[in-house]
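Residues per chain, in single letters:
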Amino acid sequence: EVQLVESGGGLVQPGGSLRLSCAASGFTFSSVYMNWVRQAPGKGLEWVATIREDGSEKYYVDSVWGRFTISRDNANNSLSLQMNSLRAEDTAVYYCARDRGYCSGGTCYAVFDYWGQGTLVTVSS
Amino acid sequence: AIQMTQSPSSLSASVGDRVTITCRASLGIRNELGWYQQKPGTAPKLLIYAASNLESGVPSRFSGSGSGTDFTLTISSLQPEDFGTYYCLHDHNYPLTFGPGTKVDIK
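Sequences listed follow chains A and B, in order.
Residues in the first sequence are numbered consecutively from 430, following my numbering.
Residues in the second sequence are numbered consecutively from 9, following my numbering.
Please keep in mind that the hints were generated in silico from the structure rather than gathered at the bench.
All figures in this text were calculated on a predicted structure; none of them were measured in a lab.
Mixed in with the good hints, there may be bad ones.
[To be verified] Simulated crosslink set (SDA-like; lysine to any residue; CA at most 20 angstroms straight-line):
hint : chain 1 : residue 1 : chain 2 : residue 2
1    : B       : Lys53     : A       : Tyr538
2    : B       : Lys47     : B       : Thr30
3    : A       : Lys487    : A       : Ser509
4    : A       : Lys472    : B       : Thr82
5    : A       : Lys487    : A       : Leu440
6    : A       : Lys472    : B       : Gly49
7    : A       : Lys472    : B       : Lys53
8    : B       : Lys115    : B       : Pro48
9    : B       : Lys53     : A       : Gln468
10   : A       : Lys472    : B       : Gln46
11   : B       : Lys53     : A       : Pro470
12   : B       : Lys47     : B       : Pro108
13   : B       : Lys111    : A       : Gly530
14   : B       : Lys111    : A       : Gly471
15   : A       : Lys487    : A       : Glu475
16   : B       : Lys111    : A       : Gly473
17   : B       : Lys53     : A       : Val461
18   : B       : Lys47     : B       : Ala21
19   : B       : Lys53     : A       : Gly530
20   : B       : Lys53     : A       : Glu475
21   : A       : Lys472    : B       : Thr93
22   : A       : Lys472    : B       : Gly109
23   : B       : Lys47     : B       : Ser20
24   : B       : Lys53     : B       : Thr82
Chain A on its own, in the form it takes in the complex (with noise of 0.2 angstroms):
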């Protein structure tokens, strides 16, 4: 069965940092792009960032270019969110999200299949 548990989320401070992590299980996890997404209390899903099987690219929404840095431990099934100088616009709840991708005619898809349960952020003072 496929597992995705977020953990690492709380109360910071603004200018403070939080490192969120993700914990895999039930698949080979060194064989898919991870991600994170996130929700504002009330809002929307934005993407926040993507990292490759191994972890050669990662990508960003710009809110958080320079921020927060995406990362993965292959050997122990692990997908990390290091979040720096962090704003009140931050607060939202996290989730890391497999994408076990779909290719077809040349092109391959992001297929976001399964999600963790998610963390909650609060930044404020």
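Fit chain B to the supplied structure of chain A, relying on the hints for placement.
Okay, now just chain B, sitting in the frame of chain A:
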């Protein structure tokens, strides 16, 4: 970045109704789009990928269509468990972008 819009922002429909949600991209994205359903307090659930591919285990009353800039999610016969918010997500390039969501209520 590619912007995604959805319409309507909310709707209320009766059980058995046919429901259509539209998603529009600011640039052509071929068929690089997925649909997700989210119920309050829970993680999103994948419904459709590559614009029209039904995810395994998702009821066949859900279908997706479209290409380029205009996409549609259709629920052929709305069921009580279909309440929630529906989001489109383009994966044409980075940054990926979700639509703002369409909230579906059951009358």
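Satisfaction of hint between Thr82/B and Lys53/B, Cα-Cα up to 20 angstroms:
Holds, at about 16 angstroms.
So if I understand the rule, the pair passes when the alpha-carbon distance is 20 angstroms or less; does Lys487/A with Ser509/A pass?
Roughly 12 angstroms separates the two Cα atoms, so the pair holds.
Would the hint linking Lys472/A and Gln46/B be met if the CA-CA limit is 20 angstroms?
holds, 12 angstroms
Can you confirm whether the C-alpha distance between Lys472/A and Thr82/B stays at or below 20 angstroms?
The hint is violated at about 23 angstroms.
Does Lys472/A pair with Gly49/B here, judged by a C-alpha cut-off of 20 angstroms?
Given pair Lys472/A, Gly49/B holds - Cα atoms ~12 angstroms apart, limit 20 angstroms.
Does the structure keep Lys53/B and Tyr538/A at a Cα separation of 20 angstroms or less?
holds, 16 angstroms
Does the alpha-carbon distance linking Lys53/B and Glu475/A stay inside the 20 angstroms limit?
holds, 15 angstroms
Hinted pair Lys472/A and Gly109/B, Cα distance within 20 angstroms
holds, 9 angstroms
Would the hint linking Lys53/B and Gly530/A be met if the CA-CA limit is 20 angstroms?
Holds: Lys53/B and Gly530/A sit about 15 angstroms apart, inside 20 angstroms.
Can you confirm whether the C-alpha distance between Lys53/B and Gln468/A stays at or below 20 angstroms?
holds, 14 angstroms
Hinted pair, alpha-carbon criterion (20 angstroms max): Lys111/B, Gly471/A. Please report holds or violated.
holds, 12 angstroms
Given pair status - Pro470/A, Lys53/B, alpha carbons within 20 angstroms:
The given pair, whose Cα atoms are some 18 angstroms apart, holds under the 20 angstroms limit.
Violated hints, in rising order: 4, 5 and 13; the structure is consistent with all others.
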